[in-house]
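Asks: Chains W and G supply the protein sequences, listed in that same order.
Note that the first sequence covers residues 1 to 290 in our numbering.
Note that the second sequence covers residues 1001 to 1355 in our numbering.
Hints may contain errors.
A short, non-exhaustive set of chain W residues, derived as facing chain G with CB atoms under 10 angstroms [said to hold, decoys possible]:
| no. | residue |
| --- | --- |
| 1 | Ala126 |
| 2 | Lys181 |
| 3 | Asp186 |
| 4 | Leu187 |
| 5 | Glu188 |
| 6 | Asn255 |
| 7 | Asp256 |
| 8 | Pro258 |
Chain W regions said to be covered by chain G (calculated; three or more residues, Cβ under 8 angstroms) [what the hints assert, rightly or not]:
| no. | stretch |
| --- | --- |
| 9 | 143-150 |
| 10 | 157-164 |
With beta-carbon atoms standing in for the labels, derived distance ranges [to be verified]:
| no. | chain 1 | residue 1 | chain 2 | residue 2 | range |
| --- | --- | --- | --- | --- | --- |
| 11 | W | Ile111 | G | Arg1130 | 39 to 45 angstroms |
| 12 | G | Arg1108 | W | Val31 | 35 to 41 angstroms |
| 13 | G | Gly1105 | W | Glu249 | 36 to 42 angstroms |
| 14 | W | Gly145 | G | Gly1065 | 49 to 55 angstroms |
Derived from the structure by calculation, the hints contain no laboratory data.
No residue lacks a Cβ here, since even glycine has one placed at the ideal position from N, Cα and C.
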Amino acid sequence: MGGALEPRDRRGLILPKWLPPALLLLPAALVFGGLFVWPQLGLFATSVASPPPIGFATYQRFLGDSFYVAVLVRTLSLGACVTLVCLICGFPLAFFLARLESRWVPFLIMIVSFPLWVSAVVRSFAWMVLLLRNGLVSIWLRDAGLAPAGFQLMYSFAGIVIALAQVLLPLMVITLYAVIKGIDRDLENAAMNLGASPGRAVCLVTLRLARGGIFAGSLLVFSLSISAFATPSLVGGATAQLMAVAIYEQTLEINDWPFAATISAILLAIALSVALVYGRLIDGRNVPVR
Amino acid sequence: MNAEVELRTVSKAYGDAYAVDRVSLEVARGELVALLGPSGCGKTTTLRMVAGFVEPTGGAILLRGQDVTRVPPHRRDTGMVFQSYALFPHLTVAENIAFGLKRRGVARTEIRSRVATMIGLMRLSGLEQRLPRQLSGGQQQRVAVGRALVINPAVILLDEPFSNLDAQLRESTREELRRLQQELRLTAMFVTHDQAEAMAIADRIAVMNKGRIEQIDTPAAVYHHPRTRFVAGFIGRANIFDAEVIARDPAGVAARGPAGITFVLPQGDHPGRIAVVLRPEAIRLAAGTDAHGPNTVAGVVDVVAFYGATAQLGVKLADGSRLLVEGSGDLPQRFAPGSAVVASWAASALVASAA
Chain W
1 MGGALEPRDR RGLILPKWLP PALLLLPAAL VFGGLFVWPQ LGLFATSVAS PPPIGFATYQ
61 RFLGDSFYVA VLVRTLSLGA CVTLVCLICG FPLAFFLARL ESRWVPFLIM IVSFPLWVSA
121 VVRSFAWMVL LLRNGLVSIW LRDAGLAPAG FQLMYSFAGI VIALAQVLLP LMVITLYAVI
181 KGIDRDLENA AMNLGASPGR AVCLVTLRLA RGGIFAGSLL VFSLSISAFA TPSLVGGATA
241 QLMAVAIYEQ TLEINDWPFA ATISAILLAI ALSVALVYGR LIDGRNVPVR
Chain G
1001 MNAEVELRTV SKAYGDAYAV DRVSLEVARG ELVALLGPSG CGKTTTLRMV AGFVEPTGGA
1061 ILLRGQDVTR VPPHRRDTGM VFQSYALFPH LTVAENIAFG LKRRGVARTE IRSRVATMIG
1121 LMRLSGLEQR LPRQLSGGQQ QRVAVGRALV INPAVILLDE PFSNLDAQLR ESTREELRRL
1181 QQELRLTAMF VTHDQAEAMA IADRIAVMNK GRIEQIDTPA AVYHHPRTRF VAGFIGRANI
1241 FDAEVIARDP AGVAARGPAG ITFVLPQGDH PGRIAVVLRP EAIRLAAGTD AHGPNTVAGV
1301 VDVVAFYGAT AQLGVKLADG SRLLVEGSGD LPQRFAPGSA VVASWAASAL VASAA
């Protein structure tokens, strides 16, 4: 009987239910664990070891020093500003691309992702050319009467926001594009049919349903801007008193590793809590797309 | 003019291709007009032009006598039921139904009472606080209809509203919708590719093909007097023969068809080449081999299908073509496959349409 063989063959292939997903996750888990979690734990251990064996002197130093608290606040507001700029510029663009019925869409998305193709240093030098006192943007602003003589965006907080928003915008646009594309266009049509103007239809329907994408994109942009180093230091110069710059100084210039570890632990903790709070705020009602 | 909706030679072209080609149509108050046709015939595009989602490239659309051709969708007085229902997934049943009233700035207490009335009318009581994904397909469909009805639009537009329901639910839902439409004297346009559905609930059917309306008439008229070959073939089952007019006199028109059939049709203004339409249920069968005279043909039964109350027979003719015959359920007992039969029909059962 052929049938008698079958169960044994099948039994030979049966795996515990957890094994396939575990195997699939293994490569990523190994890389992530070995190259991120483990060093991060080491870093954390370093930060809580002054004075040894367990001490929080570096944390007291950071939180007690108004300079470093200001650095923290500046870093977080930079993250917030860049995220806001990326959202305001990115949503309309992503919406336009998602609703465009054209075979040029993949090409347009490629153009949107252009800033990611250029190295941070080259891109920052380009911004320098534009934002310096004799740069195009500064000259235009002065000629238009929008800025006083001698004005420049270079070495300013606004300059850093502009340069960071430019490189992080593609991440926001691509994240939002994927989400908006998944929202049935007839939902907007239905809203308009019921009397909502096109703008209100997008606000009342699309924007609500794109919450997941807005959250993911914001988180991506926020975490990358608060940890950015090259662009802020090049465009911001001395004004770039930011967490990443402070970590760099403590590690490579002052050689105070415990303090550098403390700064990075605080940055990570704050980034994670911002993510949690923001996630709660934006995800009022858990709504699956479509 | 008492037409609630009027389309005047409305066209929609994409480049050189016409999705909708000079469609003219009037829907009177309280009338349900079905746009019927195969996929790609332009029926949905026509409906979407009435709603304002698609801008016509030619012609004019009037709602209650007002030209709304260039009016954006949110200022048009239409209520649309989408094929996918397009219920707002983040809003409850009550919020979905209240959506249009809120946009119109209706007072909060009035919104509450009108939503409650609609919930009762659509048999959704107890489901007010559910989200669309927590509803069955039939319930979702009723929310979609209720959401469109509550704003009292000039016309209700239904885009294949039953296609996402299973067969049994589809029939009861469409009867319910028809009853509602008649009770509330709603003006409605309704898109479907299902001719039985259109026949069952429409006051008039606009049969569309390749962007044009081929015929617009009552269900009985499109069935019994199809004006074109396409309409005859699309509505119900039909035997369609190419025939050539060979004689005309005051009593009728004679035309020669395939398999040696001579058709005699009632008097009419027919061109030389015509398509003769003969409905399967208009054919009588008798045992025998000799077909004498016009409107008869001999053949051999080759396929039998029994449906209970009715049955269908395929009769193979001399030229190899097959005549479809429909009759009562005892037909298969009387004519087994292989039996020789003579089919005949009344002249009045024949309709000539454009070849």
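Asks: Confirm or reject each hint.
Replies: Hints versus structure:
This hint is violated: Ala126(W) has a C-beta 41 angstroms from the nearest C-beta of chain G, more than the 10 angstroms allowed. Look at Lys181(W): its Cβ only gets to about 16 angstroms from chain G, farther than 10 angstroms, so that hint breaks. Taken as an interface hint, Asp186(W) checks out: its beta carbon lies about 4 angstroms from the nearest beta carbon of chain G, inside 10 angstroms. Among the interface hints, the one on Leu187(W) holds; its C-beta lies about 5 angstroms from the nearest C-beta in chain G, closer than the 10 angstroms criterion.
For Glu188(W), the interface hint holds, since its Cβ comes within 10 angstroms of a Cβ in chain G; the closest pair sits about 9 angstroms apart. With a least beta-carbon distance of about 53 angstroms to chain G, the hint placing Asn255(W) at the interface is violated under the 10 angstroms criterion. This hint is violated: Asp256(W) has a C-beta 50 angstroms from the nearest C-beta of chain G, more than the 10 angstroms allowed. Interface restraint check: Pro258(W) against chain G, minimum CB-CB distance 48 angstroms, threshold 10 angstroms, status violated.
A count of 0 residues in the stretch 143-150 of chain W with a Cβ less than 8 angstroms from any Cβ of chain G is obtained; the coverage claim is therefore unmet, three being the minimum. Only when three residues or more bring their CB closer than 8 angstroms to a CB of chain G does the claim for the stretch 157-164 of chain W stand; here the count is 0, and the claim is violated. The hinted range of 39 to 45 angstroms is satisfied by Ile111(W) and Arg1130(G), whose Cβ atoms lie roughly 44 angstroms apart. For Arg1108(G) and Val31(W), the hinted distance range of 35 to 41 angstroms is not satisfied, since their beta carbons lie about 56 angstroms from each other.
The hinted window of 36 to 42 angstroms between Gly1105(G) and Glu249(W) is violated, with their beta carbons roughly 59 angstroms apart. The hinted range of 49 to 55 angstroms is satisfied by Gly145(W) and Gly1065(G), whose Cβ atoms lie roughly 53 angstroms apart.
Hint check: violations occur at hints 1, 2, 6, 7, 8, 9, 10, 12 and 13; the rest are consistent with the structure.
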